[in-house]
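Please construct the entire structure, taking both the sequences and the accompanying hints into account.
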Amino acid sequence: QELYTPNLAYRTGPFAATGIPLMNGQADYMTMLNQRDGGIGGATIDFEECETGYSTEKGVECYEKTKGEAIVTQPWSTGITLQVLPKTNVDEIPILAPGYGFSPMADGTVFQWAFNMPAGYWDGADMIIQHLEAEGSLEGKKIAFLHLDHPFGKEPLPVMEMHAENKGFELLPIPVGLNEMQNQSAQWLQIRRERPDYVVMWGWGAMNAGAITEAVKTKFPMENFVGVWWAGHDADLKLVGEDGKGYKSISWSFPNLDAPLMKEIKEHVIDAGLSQTNEEEMQGVFYGRGLVMSAILAEGIKNAQENFGTADIDATQLRWGLENINLTQERIVELGMEGMVPPFSTSCANHTGHSGGWMLEWDGAKFVKASDLIMPNVDAYADLIQNAAEEYATSNAPWDRNEECSVSN
Amino acid sequence: MKDTEGYVTADGRQIGGTLMEMRNITLRFGGVVAIQDISFDIHEGEVRAIIGPNGAGKSSMLNVISGFYTPSEGEVWYQGAKRPPMKPYEVARQGVARTFQNIALFEGMTVLDNVMTGRLTHMNAGVVSQALWWGKARNEEMENREKVERVIDFLEIQNIRKTPVGRLPYGLKKRVELARALAAEPSLLLLDEPMAGMNVEEKEDMSRFILDVNDEFGTTICLIEHDMGVVMDLSDRVVVMDYGKKIGDGTPDEVRNNQDVIDAYLGVPH
Amino acid sequence: MLYRTAGQFKTSYIADQALFPVRQDAFLLGIILIFGWVIFPMTASEFTVQTLLIPILIYALAAMGLNILTGFAGQLSLGTGAFMGVGAYACYKIITIFPELNPVIAILLSGFFSAGIGVAFGIPSLRIKGFYLAIATLAAQFFLAWLFEKWSWLYNYNASGAIQVPNSEAFGIFVMGPQAASITEYYIVLFVVTLLTVLCINLTRGNLGRTWKATRDMDIAAELIGINLLKSKLTAFAVSSYIVGVAGALYVFMWKGAAEPNVFYIQLSFQVLFIAIIGGLGSIMGNYLGAILIVGLPVVLNVVAGTQVFEMSTGSAILLIVLIAVATFLFGVARNLWGMGAAIGFGAVTLIYGYAQLHGFRIESAMIEHINVMIIGALIIFFLIIEPHGLNQLWRLIREKLIIWPFPH
Amino acid sequence: MLDATRTNETLLEVNNIEVIYNHVILVLKGVSLTVKKGGITALLGGNGAGKTTTLKAISNLLHSERGEVTKGSILYQGERVQDLDPAALVKRGVIQVMEGRHCFGHLTVEENLLTGAYTRKDGKAAIQNDLELVYSYFPRLKERRKSQAGYTSGGEQQMTAIGRALMSRPQTILLDEPSMGLAPQLVEQIFEIVKSVNENEGVSFLLAEQNTNVALRYAHEGYILENGRVVMDGPASELRENQDVKEFYLGVSDEGRKSFRNVRSYRRRKRWLA
Amino acid sequence: MLNDIFIAPFVDMVEAPDFLMQVLWEGLVSGILYALIALGFVLIFRSSRIFNFAQGIMVVFAALTLVGLFAMGVPAWLSVGLTLVVMFVLAVVIERVVLRPLVGQPDIILFMATIGITLFLIGLGETIFGGENKVMITEELGIPTGDTVLEPFGGLLILQHLDITVVIVATLLVLALLAFLNYTQMGRAIRALGDDHQAALSVGISLQTIWVLVWFIAGIIALVTGIAWGARAGVSFALEVIAYKALPVLMLGGLESITGAIVGGLMIGILEKLFEIYWGQPLLGGNTETWFAFVLALIVLLFRPQGLFGERIIERV
Ligand SMILES: Nc1ncnc2c1ncn2[C@@H]1O[C@H](COP(=O)(O)OP(=O)(O)OP(=O)(O)O)[C@@H](O)[C@H]1O
Ligand SMILES: Nc1ncnc2c1ncn2[C@@H]1O[C@H](COP(=O)(O)OP(=O)(O)OP(=O)(O)O)[C@@H](O)[C@H]1O
Ligand SMILES: [Mg+2]
Ligand SMILES: [Mg+2]
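Chains as they are written, first to last, in the working numbering: chain D, 1 to 409; chain Y, 1 to 270; chain P, 1 to 409; chain B, 1 to 274; chain S, 1 to 317.
The set of hints was computed from the structure by calculation and includes no laboratory data. By construction, the Cβ of each residue, glycine as well, lies at the ideal position given by its N, Cα and C atoms. Be a bit skeptical, because a hint or two may be false.
Said to hold, decoys possible - Derived Cβ-Cβ restraints for the label pairs, each shown as a range:
hint : chain 1 : residue 1 : chain 2 : residue 2 : range
1    : P       : LEU147    : D       : ALA380    : 29 to 35 angstroms
2    : B       : ASN15     : Y       : ASP11     : 25 to 31 angstroms
3    : D       : LYS245    : S       : LEU302    : 50 to 56 angstroms
4    : S       : PRO17     : P       : LEU147    : 46 to 52 angstroms
5    : Y       : ASN24     : S       : PRO282    : 43 to 49 angstroms
6    : Y       : VAL127    : D       : GLU92     : 45 to 51 angstroms
7    : B       : GLU143    : S       : GLN208    : 34 to 40 angstroms
8    : B       : ALA125    : S       : VAL85     : 35 to 41 angstroms
9    : S       : PRO282    : P       : SER45     : 40 to 46 angstroms
10   : D       : GLU194    : P       : SER45     : 32 to 38 angstroms
11   : S       : THR148    : B       : GLU65     : 55 to 61 angstroms
12   : P       : SER45     : D       : LYS245    : 51 to 57 angstroms
Said to hold, decoys possible - Listed below are the simulated SDA-like cross-link pairs for lysine to any residue, each with C-alpha atoms no more than 25 angstroms apart in a straight line:
hint : chain 1 : residue 1 : chain 2 : residue 2
13   : P       : LYS129    : S       : GLU311
14   : D       : LYS245    : S       : GLY146
15   : D       : LYS217    : S       : GLU311
16   : Y       : LYS82     : P       : ASN228
17   : D       : LYS238    : S       : LEU159
18   : D       : LYS217    : S       : LEU159
19   : D       : LYS67     : P       : SER45
20   : D       : LYS67     : P       : ASN228
21   : Y       : LYS162    : B       : ASN129
22   : P       : LYS231    : S       : GLN306
23   : Y       : LYS136    : P       : ASN202
24   : D       : LYS142    : S       : LEU156
25   : P       : LYS256    : D       : GLU391
What the hints assert, rightly or not - On the chain B side, residues computed to face chain Y include the following (Cβ under 7 angstroms):
hint : residue
26   : GLY30
27   : GLY46
28   : GLY72
29   : GLY150
30   : GLU177
31   : ALA183
32   : THR212
33   : SER259
34   : PHE260
35   : ARG261
What follows is the structure, given as structure tokens:
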């Protein structure tokens, strides 16, 4: 038996640099399961990649190509996610978009087929603000929001704006065009002129490296510079090395090199020559995050298999599996992933899990944990989620919802 | 207008009044004076030739007539009225058609299409009608096609009708160019070296066409040519230019015996 | 003597002016129409419809629009992507403002907006020529793409900045949005494309077409024989942008289902330009051939590369045979062009690739993508070399040879 | 200075070549000709006879027009030159002056002339010398030396093109329609220059001409091309006397020169190839 | 509103002159970098009327090769040498396989062919070097990396040594090129070639040699550009998009003119930065750099259709 869980990967194009370690981590975890356990519950995993180059067009093509047999689709970009989201609702295939995609997907009653655990962008924004607030009141302060001018970059704006209003700080959005990612001097000149207290970055791909080098150049204090989890790629920071000391990135994953899982991966995958990764990349945050992503999917599959008593599960059964993830601390340890991901659980109404995350800090050579687990204050924007989800459903009417599920369960 | 009287040619043809008159035309390009204070006229129905050494400014004069160059000084009178500054296409719409010294055909189109473009000034169906290929557009196309076919027959280029002009040899291209100009049914036809690059036989053909056009349609013709045999045989009156100046004007015989002309251009009497 | 024209005489100019003076051509067209309208829809899988048929038609339409401007009127445009965007956003606004309007009508109307914008950006063409003119269209390209991001009214103030196709009904069925069946969308696209193709053929063979071609071939001479260049160029911009705009509307509303501004970036312009050029500038049919090659080929390559011979279905078997035929043809041409050495090299690569296939050697998806990009680049050069005037001209030459066949000249 | 007299040595030999454009248009259907060293050979024929094509086949310029020699051979000084590139041929001393002038429009007249010396390696002084020589042949060019060639008149461009070819100190010049568009006295002048270059420098000429009259006066040998085939050849003096040539190419009939005005009134004799 | 457009920005400029100077400096440096890419274009355009779209990817390719070779253990300066060899081979191959069969084809076809080359090189580059971001070997090549902080008007002006180096190197490169084109036989041949292929062939100018040479020089320029950009922003395929910026530079300066490329580059670099900082960000929501250069070029072209320094377009019949 084989379970087909294609990954719409991007190892090419302008975002390849950040994509590759993630894809490797994801693929290696599944290979490891196949090698070590013969798959999950007796079914091997066919983790085929379909290359999108981060292009929505190719992404849709990949989706169409794979959807026939796939039990899950992993669209791997906010753009592709938005595009296939309505299709999956008709085709009845779960979308798994760990840590990206459309934040209102958290509302499982509306987006019954979409998942973005363990945390969404709104969670991320909230956690960052909490972290900054911990350093002192934000009242009267100025926060520059440096973001990719793209759906992904605009995603956290509603929560940021909400906080700005409530906490009395000035929010200054600074967009970076897709073609300007490597040439951000105008943005950083603006930052220099505006003298914000903090810069929060929602960047991806080559944009991060560009921003970090510019920050160093303009002598922006690194400790006041915080990125989303996608802006915490080791290679980007290595460009500036010591100069990048103090840069932070919120993250719901951490590469614990001592975790038993890493040894298993090394033994069953790397040493067996089944991986495309290398030693250095393996120690990075993104590779570790790739492992976590696949672990979540594997957990969903396992849940479904156990619940429905068959190894050969289908898309609908997998959805149940993903809706019933309960990654407790014990379970995490059991998986050999201690410290690599915070515990969280999902339900039919909660498709995100809101795991919370750690603030990672660059120490000049690698990322280290710089905070305890920060939990997002979901209640503050629960209404936002619900309204956005409602709005989406109306504008895409007729929209099938999960009628059996109510917010309370 | 000074001279609206016609005259009678040596071989007894009646020539009409003045059709076009150039008054004190000067044309400068930066420092280069291509035409210097030249005046002459063209009568209705005559064959008027402009000759002169290379670089004398003949083509430039033709360009002034057809509106491609605006003279630096001087006036152009056409059909009894002073012509205001206008765009070349407006001049064309007034009935002035021309051929070019370095062939200017539309290389990507067939002979037929090229000649059809000559009729553009006579066609005005709307976009919608054309898109639907219905009503006015279709009728217009057929009517004009017939006219064009007549020109094609006349110039004996039926067999290459559907050939892309890019593939044609030089001489035939010249003929197609003439066809395109004729298709416009012009009242004044300007020919810039229509016989360059032709052998005698082809020149004979071309001469025949020019004479026929002049005779049958009464089209006024103004031509530039370096073959003195052709010029002297075909034209009724000749303007001679040299270094941008007019050095002679008159019947072929007068010009032939003008010492200035002999010195500057002909070399030996022809 | 498949193409014997002897014995077909024209007795009137009307007959000579008919669309297909040669009977065999009309016959061929009939077959194509039957395939398009009956056989494909009956046999094609959902995947084929979504990734081949619909996009090929839409891209062919866009290329046809561009071809009017660049191929017929000689004005190089690199702004096609943005003009498609104008069509798409116009359609979005029309549909959201008048939800009751028949979607097909909305699509056809949206072209008028792009036509207007096209004319505005076409005005400089009177003074600026050739590659310099391309700048005007590039200004349109970059400016409009920026506007799509910044002007939130265009996307109804969506948080994500993307436009989403609502489910709309006409004639009692869903014709657009996720609920619409692919086949419905296909028929609508086919209808619009067929309609516009007929109009285009009429325009280009008539008076306006000659005006454009004259402007293209030699604008000075054109003006001297009485063509108002401004009018000629602006009508070309208008007609072209109309078609491109409609193609853009179809692109989003009948195919992708959602779009972010970056979909309409310059890459799209190039894609369409490729199709027009590979197909043949100044031809109508060429656009279809070009679209088949540029859109179809990567999909086919992907499918073939992803399929191992042993698990091959009949469909892919046929594909493989076709590919072998194509490879043989290319081999022959390569020998003519670059000599035996190149041809052998070419053959060797093909053989290695085939061998790898046979032995179930699976190339990484990224590698496939890289190789695809290379192959497409190489093919573009290759086709330009064997026939700079495009596939259409190639077809014409073949046809000319068939007409005189079996005599060599 | 080389021997001014014409030799019998064969310089260029074209054997039965066939040329096809675009893979389908057969233009030359077996053309053979020889050019004697130190001679002036004229290639005559009507429009589209294939004169230009023949010259381009020799100078290897066909390729860029999507034409190719599919049959036959071309030998220059006994060496097969078909597969050389045009530059290599120029180095061997064969240069073509193309029909329609083809000046470098954005270069000045003088720069145009200097490009002619591109393949030369004999130093600035020699080149400067030849430049003066060319100016002495064409004084008009000296006046316009600083103008962009694109803006000069047709005749001036023709002079520039010929002058440019001379600048390469060629052994053989392929001259395509040198008289086209030139004023009569200039035509004579150009042919005089051809003659003197031929006699003084020993340069051989193969010239394609429509102006049969002049061409046959200056040429030693002539070939008449029609429809892609050689229909007649021989010494120029013989051709001049030939009845058909007289009628079709020289425009003289038994009664002497005909007037172009009377073209409508007489009928033609039948051609060789209808 | 009018105040925002016509007064406030200038007040800002005067109030913070050090900041204005920084803006100008940043503009200058990016202008120089645009100009470098444009130079490669100009050279190729001049010699063949080919609008070489592949210049951008050649920059990436050169930089990747350099970094890739170094990563394989080749010493830094030897890598530079080997990269030059690679660029030469590339020039030869492009000439042989692409340009030669396309001699005499319309401009747009050759333009398309260079896009074909672009795609091919992207594919090839990614196959060989992978898509990851790489670090330019700035220090290994001995390029200074520090910065100098000046305090004009009591403010702050940061000058990167790297940027200063780039400015100097670019200036030298341009002077060398100008000398080459204007004072050598080859230079004249290059210009002649641009006017008329056929005629150039007929006087014995060898297209092959000149094209290889020109593409090779373009390759060298690409390498210099690649090092400069790479040192600023890392080496990855995302760099390719900066090539688009060279297009308005070319148009503005004139397609055939080296001087034009430089002046155009500087103008665009500086003006777009000024516009973005003082008008774009406050009034238009930012990111105007994506289109400003094009619109500026368009406006200039309306007055001078051949660009500021381009050759006059000859219109004769
Ligand atoms: N657009 C222009 N710009 C600059 N100079 C020009 C322009 N057009 C013509 N000239 C110059 O004006 C002069 C006259 O040129 P023109 O083409 O009218 O000569 P022509 O009498 O037709 O000669 P030919 O018989 O050789 O064709 C020439 O010296 C030419 O260089
Ligand atoms: N590039 C081409 N493609 C197709 N056909 C061509 C091409 N060039 C020339 N021909 C054809 O070849 C034939 C001979 O042309 P060529 O130019 O050699 O004639 P020619 O004798 O020089 O005539 P002319 O005196 O008019 O210059 C003509 O019929 C022409 O149509
Ligand atoms: Mg003239
Ligand atoms: Mg010829």
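Original post:
Looking back at the hints listed earlier, which ones does the structure fail to meet?
Top reply: 2, 4, 5, 9, 10, 15, 20, 21, 26, 28 and 29
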